[in-house]
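Chains as they are written, first to last, in numbering that gives the first Met the number 0: chain S, 0 to 480; chain Y, 0 to 457.
If you are wondering where the hints come from, they were derived from the structure by calculation, not from laboratory data.
Accuracy of the hints is not assured; some may be wrong.
Pulled from the structure, derived: some chain Y residues nowhere near chain S, Cβ distances all over 10 Å [to be verified]:
| id | residue |
| --- | --- |
| 1 | ILE66 |
| 2 | GLY135 |
| 3 | TYR256 |
| 4 | LEU289 |
Capping the alpha-carbon separation at 30 Å, the derived lysine-lysine pairs in DSSO-like fashion look like this [as the list claims (entries may be wrong)]:
| id | chain 1 | residue 1 | chain 2 | residue 2 |
| --- | --- | --- | --- | --- |
| 5 | S | LYS158 | Y | LYS182 |
| 6 | Y | LYS190 | Y | LYS203 |
| 7 | S | LYS410 | Y | LYS320 |
| 8 | Y | LYS178 | Y | LYS264 |
| 9 | S | LYS165 | Y | LYS264 |
| 10 | S | LYS227 | S | LYS208 |
| 11 | Y | LYS190 | S | LYS165 |
| 12 | S | LYS205 | S | LYS186 |
| 13 | S | LYS77 | Y | LYS183 |
| 14 | Y | LYS56 | S | LYS92 |
| 15 | Y | LYS334 | S | LYS403 |
| 16 | S | LYS158 | Y | LYS334 |
| 17 | Y | LYS297 | S | LYS77 |
| 18 | Y | LYS320 | Y | LYS178 |
| 19 | S | LYS158 | Y | LYS175 |
| 20 | Y | LYS178 | Y | LYS200 |
| 21 | S | LYS77 | S | LYS186 |
| 22 | Y | LYS334 | Y | LYS183 |
| 23 | Y | LYS297 | S | LYS165 |
| 24 | S | LYS377 | Y | LYS320 |
| 25 | Y | LYS297 | S | LYS158 |
| 26 | S | LYS377 | S | LYS165 |
| 27 | Y | LYS320 | S | LYS74 |
| 28 | Y | LYS175 | Y | LYS203 |
| 29 | S | LYS205 | S | LYS215 |
| 30 | S | LYS403 | Y | LYS203 |
| 31 | S | LYS158 | Y | LYS56 |
| 32 | S | LYS165 | Y | LYS175 |
| 33 | Y | LYS334 | S | LYS410 |
| 34 | Y | LYS56 | Y | LYS379 |
| 35 | S | LYS158 | Y | LYS178 |
| 36 | Y | LYS297 | S | LYS74 |
| 37 | S | LYS158 | S | LYS377 |
| 38 | S | LYS158 | Y | LYS183 |
| 39 | Y | LYS320 | S | LYS403 |
| 40 | Y | LYS193 | Y | LYS334 |
A virtual CB, placed ideally from N, CA and C, is assigned to each residue, including glycine.
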Amino acid sequence: MIQRNLLMRSFLALCALGLSTLPARAWQESGGDEKKDEGADAKKKDEPERWFVVKNAEVHTGTGLVLRDAMVLAKNGKIEEIGHELDVPPDAKVLDAQGLRVYPGLVAISSAGLLGFSTSDFGDTLNPFNSNMILGLATGITTTGTGGAAVKLKRFSIKDAVVREKIYALFSYSSRNPSGRRTLREKFVSTAAWLREFREWEELVKKDKELKEPAKKNVDTSVLAVLKGEQVAKFNANDRDDLFAIARLAQEFGFRPVIEGCREGWTVADELGRAGASAILTPRDRRPKDELLSREGGSSIENAAILHRSGVAIAVVPGTESVDLGGIVGRDIMHLPIEADFAVRGGLPEEAALASITSVPARLMGIQHRVGTLEIGKDCDLIVTDGDLLHYETFVQWAVVDGKVVYDKQKELYFAHIRPRADAPVERKLDKGETEPKPEGDAPKEGEEEKPKDGEKPKDGEDKQGGDDEKKGGDGEKKGG
Amino acid sequence: MMLANLFFMLIGASGPTGATGDTRAATPSLLAIRVGKAETIAKGTLENAVILVEGGKIVAIGEDLPIERGIPILDRPAWVVMPGLVHAYSRLGCDSEGGEDMSPEVRAFAEVYPKAEEFEKVVEYGVTTLGLYPAGNGIPGQACAIRPLGATREEMLLADGCYLKIIVRATASSKKLLKDGFKKADEYAEKEKKAREKFDKDQKGAKKPEEKKEEKKEEPKSAEAPPSFSVPQDEPPAAAQDSKPDEKKDEKKPDGYVPPEPEAKVKPFVDMRAGKLRALVSIGSAAEYLHFLDALGKETISWDLRVPIQRESDLFYVIDKATYELEVDGIGEKKCRVVLEPVLSVVPGTMRNRNLPAELSRAGAKLVFVPRNDTLPDVKVWLMNVAELVANGLDRATALRAVTLEPASLLGVEARVGSLEKGKDANLLFYSGDPLEATSKLEAVMLDGRIVHGEVNP
Numbered sequence: 000m001i002q003r004n005l006l007m008r009s010f011l012a013l014c015a016l017g018l019s020t021l022p023a024r025a026w027q028e029s030g031g032d033e034k035k036d037e038g039a040d041a042k043k044k045d046e047p048e049r050w051f052v053v054k055n056a057e058v059h060t061g062t063g064l065v066l067r068d069a070m071v072l073a074k075n076g077k078i079e080e081i082g083h084e085l086d087v088p089p090d091a092k093v094l095d096a097q098g099l100r101v102y103p104g105l106v107a108i109s110s111a112g113l114l115g116f117s118t119s120d121f122g123d124t125l126n127p128f129n130s131n132m133i134l135g136l137a138t139g140i141t142t143t144g145t146g147g148a149a150v151k152l153k154r155f156s157i158k159d160a161v162v163r164e165k166i167y168a169l170f171s172y173s174s175r176n177p178s179g180r181r182t183l184r185e186k187f188v189s190t191a192a193w194l195r196e197f198r199e200w201e202e203l204v205k206k207d208k209e210l211k212e213p214a215k216k217n218v219d220t221s222v223l224a225v226l227k228g229e230q231v232a233k234f235n236a237n238d239r240d241d242l243f244a245i246a247r248l249a250q251e252f253g254f255r256p257v258i259e260g261c262r263e264g265w266t267v268a269d270e271l272g273r274a275g276a277s278a279i280l281t282p283r284d285r286r287p288k289d290e291l292l293s294r295e296g297g298s299s300i301e302n303a304a305i306l307h308r309s310g311v312a313i314a315v316v317p318g319t320e321s322v323d324l325g326g327i328v329g330r331d332i333m334h335l336p337i338e339a340d341f342a343v344r345g346g347l348p349e350e351a352a353l354a355s356i357t358s359v360p361a362r363l364m365g366i367q368h369r370v371g372t373l374e375i376g377k378d379c380d381l382i383v384t385d386g387d388l389l390h391y392e393t394f395v396q397w398a399v400v401d402g403k404v405v406y407d408k409q410k411e412l413y414f415a416h417i418r419p420r421a422d423a424p425v426e427r428k429l430d431k432g433e434t435e436p437k438p439e440g441d442a443p444k445e446g447e448e449e450k451p452k453d454g455e456k457p458k459d460g461e462d463k464q465g466g467d468d469e470k471k472g473g474d475g476e477k478k479g480g
Numbered sequence: 000m001m002l003a004n005l006f007f008m009l010i011g012a013s014g015p016t017g018a019t020g021d022t023r024a025a026t027p028s029l030l031a032i033r034v035g036k037a038e039t040i041a042k043g044t045l046e047n048a049v050i051l052v053e054g055g056k057i058v059a060i061g062e063d064l065p066i067e068r069g070i071p072i073l074d075r076p077a078w079v080v081m082p083g084l085v086h087a088y089s090r091l092g093c094d095s096e097g098g099e100d101m102s103p104e105v106r107a108f109a110e111v112y113p114k115a116e117e118f119e120k121v122v123e124y125g126v127t128t129l130g131l132y133p134a135g136n137g138i139p140g141q142a143c144a145i146r147p148l149g150a151t152r153e154e155m156l157l158a159d160g161c162y163l164k165i166i167v168r169a170t171a172s173s174k175k176l177l178k179d180g181f182k183k184a185d186e187y188a189e190k191e192k193k194a195r196e197k198f199d200k201d202q203k204g205a206k207k208p209e210e211k212k213e214e215k216k217e218e219p220k221s222a223e224a225p226p227s228f229s230v231p232q233d234e235p236p237a238a239a240q241d242s243k244p245d246e247k248k249d250e251k252k253p254d255g256y257v258p259p260e261p262e263a264k265v266k267p268f269v270d271m272r273a274g275k276l277r278a279l280v281s282i283g284s285a286a287e288y289l290h291f292l293d294a295l296g297k298e299t300i301s302w303d304l305r306v307p308i309q310r311e312s313d314l315f316y317v318i319d320k321a322t323y324e325l326e327v328d329g330i331g332e333k334k335c336r337v338v339l340e341p342v343l344s345v346v347p348g349t350m351r352n353r354n355l356p357a358e359l360s361r362a363g364a365k366l367v368f369v370p371r372n373d374t375l376p377d378v379k380v381w382l383m384n385v386a387e388l389v390a391n392g393l394d395r396a397t398a399l400r401a402v403t404l405e406p407a408s409l410l411g412v413e414a415r416v417g418s419l420e421k422g423k424d425a426n427l428l429f430y431s432g433d434p435l436e437a438t439s440k441l442e443a444v445m446l447d448g449r450i451v452h453g454e455v456n457p
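Full structure from sequences and hints, please.
Here is the structure:
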């Protein structure tokens, strides 16, 4: 028995070691990626380098650093340098953020509808032109978790938008379903036992090549992926008892659970912190205390703050995951920073509140080597705001993804008219091919050429373009494709 | 088909005694037409145009041409003539249900029923050429071009295998369907390569004695298939009725090599790669355009687009590359044809008008209009809807081309129909005024030199 305990403990220690090195590994992986990118760069040598710079900004890197009057320089979509008075190539696209702030692009750990109607296979279903994506960017979101994948809000393009897929292994471990709870535990026990045998065999087989691989009996693939650190164990739990049980399970088998909901988390914050748990929570969520129990319970505005103090990483998500202006206004995905604000109201430090919608969700989804903070080598995904991100009055003025401006408040319909930027007054501009709207009943009759009305000049531009058409119409039969 | 036409010409002016033939007054086989204006489409507008029609063909066209004495003249100085409309993307007169997801070998021609009422009606509305596509999802099959009057299907046929309809949606399964088609074509190419190698090897072995080689050359011609490799015999009837075996023999290389016949479902993809078949790709939104290009990858087939224009269409995002800094070429840069309805749309979320056809045309795409709905009432008002776009900034010549010559090119029958030129079929529409004017009336329709609608006496 003692021996077994020892074994178990050493195994746990190993697991913990593995987990603690996880971020480091991820970082190394990103290093590997860079090497690959170099290879790709060699191929792409013919393609011109694409430079982008934001200057004169108050840069909040998301790592705790604030640089005043600073610049963020990006090359081919990756951050090249952050600092003061950098050398900027003459062909760089410049965004002057005088008097404005720069934050890392927000990471919504879950959302719905920002990528179009689809809920899976985003590489093949993404709609990079849908209006919800514009509203997501207007909120500041540049990466979102959805349907178990992490996808960037890359407008006008479907290429390389999916950052990671099959992130989570979803589990239920609730006291309301005792048999389910028992089954899951058994799965963990048997899978962990097999993994132990397998690791042993891996060592032994180096000496004795005849040795057979241990049989995969009662091995659960999801559990295995979690124990190997390939997938993130995600639970949905709110009750104190359940949270407590999850913490125990995680400690026993050495994995770090992500708990969605976590409304009574503040009552077992220490346990959750010790288990290395992370919480995805909505600070404005309310639930009553179970009055039959004498112990503490129910929701608390301090939930995020207390959990944070106990070492639980906090990711914030609003009450509604979609863009939903018909619902309870102020609680949909467009209020992600506002929701984080309510965690601050309950005592969460502002820095942690910013992290709860940037670096923490990025880390939970295992994509922190690409997004979540402004650091050299990471994707140049940033937002330019006209004030403190957590202030209700603040608007996102520009959103940048992969070093490309994909949202400009003054160029989209939605918020251009509210406190317009001084440099870009709202003007009524006709799009290419658009015609002046006509009052009802004045619709042109079929076949009638549009005649200029009194006091209205004929549209020269359009006439000219019409002439071009004629030329094009006469072109030979060039084949498309 | 040309032969068949010649045949009718020899028989006389009465032409085919189709469903409509006997009820109408006979049109003389040689006829001069003098009208106020002729929209030739190919060479602009002619004033005081004279068109000489003989044996169902236009034999001369020009301004103020002298007319020989004795030739009957149809003299209508107030009228305007334009070529018959070409509706290249239709299901009129067809009533089959959609097939399975992947049936590129299906041909719409198989379901043409010559006595369908719709055909007679569309002629009345000025449509003298119809392109019919097969129903279904995914990759439903190939379209045919017909003249809407005739006693038999064969008589109606202008061209078969005009385009392969491919529906691309922003789904993994839809994109996979297209990729799988080309994967199968890859497998065939591999097979063909092996057959070729084997053939060359056999040929080398036989080459040494000069005379024997001569014999070998004869052999494949006499036998149906050369013995060195097998031709798949399990061809479905759809491919069997294909008139292409003759062409195949012509393609035979001088050394006697006959490539193995691809499977019926694979052949359209092989043909597309060989440039023998165009694809008409149906997409519904800007995103689907990107997903189509993504699924197509590096394939260099010829393709055109079919885009149903909705009121809040977001197609403007992909019209050109520069405006929204796309990573791929826009539709304009691809210079492909775009089959769409003559509809004004709006800027999404507003009531501001947007003339997408005009924008597409300016960017370099070629427009092919179809009626707003594929129904008879909409075919009737087709030109009026086109006129609305012209009133809102679309170039007039482009608009007229988009209902005649451009759809004819989409169907690959532009050498016969779609414009008023010497040598082309005499498919003429006689309007009492400008065809795009609501007050103009379609007075008469001429199909292959015969007045098939309207009362006209020279």
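The hints, checked one at a time:
no. : hint                  : result
1   : ILE66                 : 29 Å, holds
2   : GLY135                : 21 Å, holds
3   : TYR256                : 28 Å, holds
4   : LEU289                : 5 Å, violated
5   : S:LYS158 <-> Y:LYS182 : 22 Å, holds
6   : Y:LYS190 <-> Y:LYS203 : 20 Å, holds
7   : S:LYS410 <-> Y:LYS320 : 18 Å, holds
8   : Y:LYS178 <-> Y:LYS264 : 14 Å, holds
9   : S:LYS165 <-> Y:LYS264 : 35 Å, violated
10  : S:LYS227 <-> S:LYS208 : 24 Å, holds
11  : Y:LYS190 <-> S:LYS165 : 38 Å, violated
12  : S:LYS205 <-> S:LYS186 : 29 Å, holds
13  : S:LYS77 <-> Y:LYS183  : 39 Å, violated
14  : Y:LYS56 <-> S:LYS92   : 61 Å, violated
15  : Y:LYS334 <-> S:LYS403 : 27 Å, holds
16  : S:LYS158 <-> Y:LYS334 : 23 Å, holds
17  : Y:LYS297 <-> S:LYS77  : 27 Å, holds
18  : Y:LYS320 <-> Y:LYS178 : 25 Å, holds
19  : S:LYS158 <-> Y:LYS175 : 17 Å, holds
20  : Y:LYS178 <-> Y:LYS200 : 33 Å, violated
21  : S:LYS77 <-> S:LYS186  : 42 Å, violated
22  : Y:LYS334 <-> Y:LYS183 : 28 Å, holds
23  : Y:LYS297 <-> S:LYS165 : 28 Å, holds
24  : S:LYS377 <-> Y:LYS320 : 27 Å, holds
25  : Y:LYS297 <-> S:LYS158 : 15 Å, holds
26  : S:LYS377 <-> S:LYS165 : 22 Å, holds
27  : Y:LYS320 <-> S:LYS74  : 21 Å, holds
28  : Y:LYS175 <-> Y:LYS203 : 42 Å, violated
29  : S:LYS205 <-> S:LYS215 : 20 Å, holds
30  : S:LYS403 <-> Y:LYS203 : 60 Å, violated
31  : S:LYS158 <-> Y:LYS56  : 52 Å, violated
32  : S:LYS165 <-> Y:LYS175 : 20 Å, holds
33  : Y:LYS334 <-> S:LYS410 : 29 Å, holds
34  : Y:LYS56 <-> Y:LYS379  : 26 Å, holds
35  : S:LYS158 <-> Y:LYS178 : 17 Å, holds
36  : Y:LYS297 <-> S:LYS74  : 27 Å, holds
37  : S:LYS158 <-> S:LYS377 : 18 Å, holds
38  : S:LYS158 <-> Y:LYS183 : 25 Å, holds
39  : Y:LYS320 <-> S:LYS403 : 15 Å, holds
40  : Y:LYS193 <-> Y:LYS334 : 37 Å, violated
The structure fails to meet hints 4, 9, 11, 13, 14, 20, 21, 28, 30, 31 and 40 from the earlier list, while all remaining hints are met.
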